[in-house]
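Asks: Make a model of the complete structure from these sequences and hints.
Chains B and W supply the protein sequences, listed in that same order. With this note's numbering applied, the first sequence covers 1 to 217. With this note's numbering applied, the second sequence covers 218 to 428.
In short, the hints are calculated from the structure, not lab data. Just so you know, these numbers come straight off a predicted model, no measurement behind them. Every residue gets a Cβ at the ideal spot worked out from N, C-alpha and C, and that includes glycine. Don't take every hint at face value.
Here are the simulated lysine-lysine pairs, DSS-like style, with alpha carbons at most 30 Å apart [unchecked claim]:
#1 LYS248/W x LYS344/W
#2 LYS148/B x LYS344/W
#3 LYS248/W x LYS135/B
#4 LYS148/B x LYS248/W
Chain W residues, not near chain B, derived (Cβ > 12 Å throughout) [unchecked claim]:
#5 SER264
#6 TRP306
#7 ALA394
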Amino acid sequence: MQSRHEPQTAREAGLLQCRTCGCLSHPPAQVSKRTIMRCPRCGARLHLHEHSNSIEITWALLIASALLYIPANTMPIMSVYMLGSGQPDTIISGVFHLLESGQWPLALVVFAASIVVPLLKLITLSFLLISIQRKSRWRQRDRLVLYKITEYVGRWSMVDVFVISILVGLVQFGNLARVEANAGSLSFAAVVVLTMFAARTLDEHLIWDISRKEEQH
Amino acid sequence: MIDVSSSIACPECGQLHRYQPIAQGKTAMCKRCGSVLYRNRKHMLESVLALTTAGLLLFFLSNLFPLLGLRAQGVEQDLLLFGASVAFWGQGYHLLAGLIVLNTIVFPLFELVSLMIISLTAKYGWKPGLAIFLFRWMREIKPWGMLEVFMLGILVSVVKLGDLATLIVGTAFWSFAGLILTMAAASSMLEPFVVWRMLGHCKERQHAVTT
Ligand SMILES: [Zn+2]
Ligand SMILES: [Zn+2]
Numbered sequence: 001m002q003s004r005h006e007p008q009t010a011r012e013a014g015l016l017q018c019r020t021c022g023c024l025s026h027p028p029a030q031v032s033k034r035t036i037m038r039c040p041r042c043g044a045r046l047h048l049h050e051h052s053n054s055i056e057i058t059w060a061l062l063i064a065s066a067l068l069y070i071p072a073n074t075m076p077i078m079s080v081y082m083l084g085s086g087q088p089d090t091i092i093s094g095v096f097h098l099l100e101s102g103q104w105p106l107a108l109v110v111f112a113a114s115i116v117v118p119l120l121k122l123i124t125l126s127f128l129l130i131s132i133q134r135k136s137r138w139r140q141r142d143r144l145v146l147y148k149i150t151e152y153v154g155r156w157s158m159v160d161v162f163v164i165s166i167l168v169g170l171v172q173f174g175n176l177a178r179v180e181a182n183a184g185s186l187s188f189a190a191v192v193v194l195t196m197f198a199a200r201t202l203d204e205h206l207i208w209d210i211s212r213k214e215e216q217h
Numbered sequence: 218m219i220d221v222s223s224s225i226a227c228p229e230c231g232q233l234h235r236y237q238p239i240a241q242g243k244t245a246m247c248k249r250c251g252s253v254l255y256r257n258r259k260h261m262l263e264s265v266l267a268l269t270t271a272g273l274l275l276f277f278l279s280n281l282f283p284l285l286g287l288r289a290q291g292v293e294q295d296l297l298l299f300g301a302s303v304a305f306w307g308q309g310y311h312l313l314a315g316l317i318v319l320n321t322i323v324f325p326l327f328e329l330v331s332l333m334i335i336s337l338t339a340k341y342g343w344k345p346g347l348a349i350f351l352f353r354w355m356r357e358i359k360p361w362g363m364l365e366v367f368m369l370g371i372l373v374s375v376v377k378l379g380d381l382a383t384l385i386v387g388t389a390f391w392s393f394a395g396l397i398l399t400m401a402a403a404s405s406m407l408e409p410f411v412v413w414r415m416l417g418h419c420k421e422r423q424h425a426v427t428t
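Replies: Right, dumping it as structure tokens:
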């Protein structure tokens with residue numbers, strides 16, 4: 001514990017802060033990396049920052065989603081059959097179909113949710129991880145806002161998966177018209193799920209996690 | 218040593234503050250990062266209870282009646298909320314079918330039931346064990362309930378199908394829209410900090426439990 005000034009954060013005061021219910025508690029005298037600590041109020045797992053492996057797990061999830069992002073965008077996600085003949089659609093060709101039929105506001109929404117958001121999520125989370133690893137003090141507040149936005153918008157990418165499920169469920173008129181799902185939808189859903197997990201495993205407190213000692217240097 | 222019972226840490230940045238009761242309708246914010254620490258809302262528990270009761274009713278309506286119908290050459294095809302997931306299952310994408318059931322049915326229902334049990338427990342001072350368990354998992358699961366994203370999916374599908382066939386907007390479409398609004402209102406009404414304090418106090422010099 002530091003003696004010269006009042007501790008500012010729970011971490012500086014040597015306290016554990018539960019991320020679920022906010023309860024503060026003291027860590028036991030001896031904590032090894034294998035000790036499992038739980039919040040006295042709600043029972044959620046507690047971690048000491050130096051024992052947190054948030055960064056490694058988030059990197060692993062990000063790399064996996066970056067790899068899956070390629071098949072998600074190049075493989076067809078669904079096929080529309082009209083009068084027997086059909087054509088497979090990728091995400092981007094689906095956006096073009098909307099554009100061709102003059103639905104540009106909707107085309108823009110789908111383009112943003114399915115292509116821009118997953119890509120931006122990959123870039124933003126990598127940027128946050130690198131800045132945390134470099135112990136950057138640059139615009140901590142703005143980086144927290146960036147994290148919050150990334151965490152919030154991620155789920156909206158699921159919209160394309162839902163559209164496929166609705167079309168497949170609704171358009172089943174035999175030879176006249178029918179819609180089938182394709183394997184690209186699976187990799188796309190995997191990208192959305194994995195980036196959502198990545199945003200969740202990234203511990204945003206690490207953005208602020210520079211002790212006052214380091215700050216004074 | 219810091220008194221744990223009267224101190225609170227900012228949920229976003231960890232900054233320590235001393236807890237002070239605030240007047241009704243007021244909000245306490247973090248001095249370092251500006252995040253909301255807690256609010257004192259009028260009739261919080263009563264509003265949440267009313268909203269979740271309405272929500273459960275709308276939930277059942279949304280699941281019992283078709284969301285959309287499509288008519289082409291005299292044949293009509295209806296879609297239930299559950300049908301969206303069945304569609305994927307029928308095509309052999311079982312994982313996706315499971316994911317969609319979780320996103321549109323299981324998790325929203327879990328959230329509604331949890332909100333109800335938590336506010337009942339806080340209001341009538343029941344034993345908090347179950348409510349604590351549910352509240353802990355509700356916050357974890359919340360981003361995975363995706364009713365409003367599914368609604369956007371319905372709108373996109375409606376536009377895509379617009380010139381293909383005659384589209385019928387089903388009864389469940391409107392209850393589904395109502396369900397989204399009620400759930401958003403209920404969960405924004407519930408003040409986590411205040412509710413956690415009602416469910417259990419953090420005692421002074423409390424130690425983390427080790428196993
Ligand atoms: Zn806790
Ligand atoms: Zn703060």
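Asks: Tell me the numbers of any earlier hints that the structure contravenes, in ascending order.
Replies: Failing hints, ascending: 1, 2 and 6.
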